[in-house]
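*Asks:* Letter by letter, the chains look like this.
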Amino acid sequence: MKKYISLLLVLMLALSFGLTGCAGSDEPAPVTETDVTKVVLLINGNLGDRSFFDSAEVGFNQLVEDYAGKVEVKIIEMGFDNSKWEPGLIDASEAGYDVIVVGTWQMQELLEDIAPQYPDNNYIIFDTVANPEITNVYSMVYKQNECAFLAGAVAASVAGNEPIGFLGGMDILVINDFLVGYIEGAQSVNPDVQVKISYIGDFNDSAKGKEMALAQYQSGVAIGFNVAGQAGLGQIDAAAEVNKLAIGVDSDQEALFRDMGEDAKADLIATSALKEVGNSLYRAIEMHMDGTLVYGEAEALGLAEGAVGYVKSQWIIDNGYADMVDELVVKIAAGDIVVSSANGLTTEELTTLRDAVK
Amino acid sequence: MSSIIDIIGTSEFWYSVIRVTTPILFAALGALISDSAGVINIALEGSMLWSAFAGVVFSAWFDSAWIGLLAAIIIGGLVGLMLAYFALNLKTDIILSAIALNLMAAGGTIFLLFVVSGDRGISSSLDSRVLPKLFTGLADNVPIIGPVIFGHNVLTYVAFVLVFVTWFFMFKTPMGLRLRAVGENFHAADSVGISVKKIQYQALVLSGIMAGLGGAFMSMGYVSWFSQNMTAGRGFIALAAKAMGGVSPIGTMIASLFFGFASALANYEAEISVPAEFVKMIPYIFTIVGLVVYASKKQSDVKRARQKQAEAATSSKGGE
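Just so you know, the protein sequences line up as chains A and B, in that order. The letter at position 244 of the first sequence is residue 245 when you use the numbering used here, and the numbering goes up by one with no holes. The letter at position 52 of the second sequence is residue 887 when you use the numbering used here, and the numbering goes up by one with no holes.
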């Protein structure tokens, strides 16, 4: 009896390790030579993140639908165990795909190691820039500062003379790029706007996100913008507690809360600033098929390419901000408004910027 | 500096201190119980995470927060039971087994979340319930302390009541005496017929249940969903709070509140005009200072005890 119990326990342990990463061990399908473009997306994590990877999946589904018979897409989830990412990338590199897509800074170094070993392969990496000397990698980054600009403009319009909030995940470049755009957007509406800035310190701790957002709201912030993954969702909970507004990020957080059956919280989400990873991948693969995608290059994609955007929510329409935001989108896309970036800012310059809106 | 004083002067701040303290206090009480029985339970984090998960899933399935809470308690206790089985029956290293359980919780909750709901990062398709807040009416009617101590989640009150229950249990019941005897010297306890294994089993299950209550608070009180790794190290912070608090539940409560105070203060970083990096250090500086004070106090206690012993020895020699 004892033996069976211990066997069962061992099995459970093994399963919980194995299954969480099971997607990573998917055998790449044998690829045969045809004129079909074969694309593989390697996810360093799982689908269901309600953000980057889900967006990528939507983009690819659209692509497969629009180019039926011309494109095949395989999505491989490598799980969160980063020791599996390198073999996953090597497997995919040897399976004869036309394009291999990976994303996020966590994959950058691995790709830079592996891509030169397979000079005949084409690689695309999103949300980070690979070493430009590697001629078979195309990098895409997103002008998150542009969609954050829209968020800032909405926030400052709503707040009037009250301060607005910014809840970041960590004090890192990508997050600060949002911040810079957010501040500029707010200043475009109200030059004297006051921005309360907090960083949670990670992307998981939604309870801490809630505390920090509450602290902001209680100090008079009228509307906050969260850029902190799951931790940032705590802000929505905080908003519901004090009945103030929030702005989401990366994916449509209003829809997320509607799915959870929490309409009261969803109603407080004015809009969400979006990174349209799916659109950008759709565009990149389309360009690859046309032969116009230049490998070895890096591009920053923004509103003009549809790679970032905002949710035209019912709230935005009902409160009459839709025209204003759409006008800004057109202006930014046309280059009439140039949004600054945290890219290239020194720590001192960033501190000056933050202190200026304190 | 004046901004810090302004913040500390608000009732919202103290309300937030109590809320931040709640999950830490639950887990710290769990740590206290298991430590007192001589078994270190660092699987508290795993218990919390599993319970946070179970609370959301069961409350959504049965449409009742209370069933969710019950499930959270049971699952928390089960994690404690598993640790006990590994460490006491299979004689594995208790620290390593607990680390394994924590890892299993981090991956396993996400895996099961996917199985039951199709979500993988956050329980967005589960319509889960939250536990009610109590005395919300009193919050506005009692001046000054009303907004601080009333209107909290029911589990917050449970946590503080449990401090006294734990104290009573440890120091006023035969079972508590046995528990402490096992922790103090299990050979001696064994020699008078106490089943060491049984006591340690009970202690680990109890500590798992305590941590489970903390987990339930995280997903059914603090926020209203489960998300991956949402406990974010609170089980470990609780171990530090327990170490600071010494051997008494009251001390554990004070240490937890101390930690809650520091964390709550750090959450106001946007308001404090010192660099954010510095504010983020506050809870950890508090912990280190607390541990130093605790260690030096212990050391001087030991010195004093030795001195007394030496004095007793010399005086008894003199008497001969």
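Quick caveat, the hints were computed from the structure, so don't treat them as lab data. Careful, some of the hints might be misleading.
[Claimed, not checked] Quick list of in silico lysine-lysine cross-link-like pairs, BS3-like style, CA-CA up to 27 Å:
id, chain 1, residue 1, chain 2, residue 2
1, A, 4, B, 1007
2, B, 1033, A, 4
3, A, 4, B, 1032
[What the hints assert, rightly or not] Label-pair distances were calculated between CB atoms; the ranges are:
id, chain 1, residue 1, chain 2, residue 2, range
4, A, 344, B, 973, 27 to 33 Å
5, A, 163, B, 1019, 55 to 61 Å
6, A, 87, B, 1129, 41 to 47 Å
7, B, 950, A, 136, 41 to 47 Å
8, B, 950, A, 315, 48 to 54 Å
9, B, 898, A, 161, 39 to 45 Å
10, B, 916, A, 357, 36 to 42 Å
11, B, 909, A, 110, 42 to 48 Å
Since we're looking at a predicted model, the values are computed, not measured. Using N, Cα and C, we set each Cβ at its ideal position, and we do this for glycine too.
*Asks:* Does each hint hold? Answer for all of them.
*Replies:* Checked hints:
no. : hint                       : in the structure
1   : A:4 / B:1007               : 39 Å, violated
2   : B:1033 / A:4               : 20 Å, holds
3   : A:4 / B:1032               : 19 Å, holds
4   : A:344 / B:973: 27 to 33 Å  : 52 Å, violated
5   : A:163 / B:1019: 55 to 61 Å : 59 Å, holds
6   : A:87 / B:1129: 41 to 47 Å  : 45 Å, holds
7   : B:950 / A:136: 41 to 47 Å  : 43 Å, holds
8   : B:950 / A:315: 48 to 54 Å  : 34 Å, violated
9   : B:898 / A:161: 39 to 45 Å  : 42 Å, holds
10  : B:916 / A:357: 36 to 42 Å  : 57 Å, violated
11  : B:909 / A:110: 42 to 48 Å  : 44 Å, holds
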